[in-house]
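Build out the structure end to end from the sequences listed, making use of the hints.
Residue numbers (this note's numbering), protein chains in the order written: chain A, 1 to 261; chain B, 1 to 66.
Note that these hints are calculated values from the structure, not bench results. Please note that the accuracy of each hint is not assured.
Here are some, though not all, of the chain B residues that point toward chain A, as calculated from beta-carbon distances under 8 angstroms [unchecked claim]: (1) R31; (2) V32; (3) A33; (4) L57; (5) E58; (6) I59; (7) A62.
Far from chain A, some chain B residues (derived; all Cβ distances over 10 angstroms) [stated by the list, open to error]: (8) M1; (9) G7; (10) A9; (11) P13; (12) T17; (13) T48; (14) T49; (15) A52; (16) E53; (17) G54; (18) D55; (19) V60; (20) G64.
The C-beta atom is built at its ideal place from N, Cα and C for all residues, glycine as well.
Spelled out from the first residue to the last, the chains are:
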Amino acid sequence: MNDPLVIAGREYSSRLLVGTGKYKDFDETRRAIDASGAQIVTVAVRRVNLGQNANEPNLLDALPMKDFTYLPNTAGCYSADDAVRTLRLARELLDGHDLVKLEVLGDATTLFPNMPETLKAAETLVRDGFKVMVYCSDDPIQAKMLEEIGCVAVMPLASLIGSGMGILNPWNLKLIIEQSKVPVIVDAGVGTASDAAIAMELGCDGVLMNTAIAKANDPVLMAGAMKKAVEAGREAFRAGRMPRKLYSATPSSPTSGLIGS
Amino acid sequence: MHISLNGEARQLPPGTTVSGLLEILELLGKRVAIERNGEIVPKGLHATTALAEGDALEIVVAVGGG
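Now the structure itself:
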């Protein structure tokens, strides 16, 4: 595979990871995810709706486990204990699947992560054999701590979850990218294709998004745009951009051989 | 006997097993995971795990999320 994303020893050709929430229906979910080319999809774990028709369509029918790598999350958890319980249930639910997304929230308005609880949960989960991809603040010190605990990817926010505000602190992301030995995946905040490209041009290993696709006017079209943006950003990063030359223009065409000279 | 199921009180015949509960809920054979009093009950033990008075059960599924 050319330039794969490697997470916990497994190779992925797509560097775009997508969520499966907020879509109109499972048909739209599937079509958008197919258009995104994503191989890793996040899912949430929730209490079964008792009294509901047990035969109505479910996520696993729309996105069969054989076609995707599931990444169960702890969205909605506000303590390390709840997050650990949720992921133990997820592992049981998904036949021992141990690649997970840890997020412990600290505030219902901003959905900013509670980092002390995140670190605590990460320690327990890694000790328990989970491969932990972790949503975190863009603080390089705590990102390093998460890597040292043994997380398989660190996933700093670019801006608040579901905000679509884009890459607000590229400098912090760059610090995390430069110090990390595990993949750095921007998780949260991407609003449109150029945001994803900027994240990848900074040197992120991947981008995880949900709302930017699901809440676009045309989610399937946006999913395709995100796929291209992530690929373009990655290629631009690998190619290495030209240096910025402020106030110093250089013509692209020959300066000699002009007619009339 | 009385149990708590996904946060709601529920009455079950004494001796009901986890599999028996799933049957009552029409969830037998569905992809669900079960936690009893904070501990996972592995699929392989559903049929032999008898519930007890006061048990707190959580039954979960995978849903769309980001």
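For each hint, the structure was consulted:
1. R31: holds, 6 angstroms
2. V32: holds, 6 angstroms
3. A33: OK, holds: A33 (chain B) within 8 angstroms of chain A, min 4 angstroms.
4. L57: violated, 10 angstroms
5. E58: holds, 7 angstroms
6. I59: holds, 5 angstroms
7. A62: holds, 5 angstroms
8. M1: holds, 18 angstroms
9. G7: violated, 7 angstroms
10. A9: Its Cβ never comes within 10 angstroms of chain A, the nearest being 12 angstroms, so this holds.
11. P13: Consistent with the label, P13 (chain B) stays out of reach of chain A, its closest Cβ about 18 angstroms off (over 10 angstroms).
12. T17: It holds; T17 (chain B) is separated from chain A by about 17 angstroms at its closest Cβ, greater than 10 angstroms.
13. T48: holds, 16 angstroms
14. T49: holds, 13 angstroms
15. A52: holds, 20 angstroms
16. E53: holds, 20 angstroms
17. G54: Consistent with the label, G54 (chain B) stays out of reach of chain A, its closest Cβ about 19 angstroms off (over 10 angstroms).
18. D55: holds, 16 angstroms
19. V60: Given a closest Cβ separation of 5 angstroms, the condition is violated.
20. G64: The claim is violated: G64 (chain B) sits with its nearest Cβ about 4 angstroms from chain A, within 10 angstroms.
Hint check: violations occur at hints 4, 9, 19 and 20; the rest are consistent with the structure.
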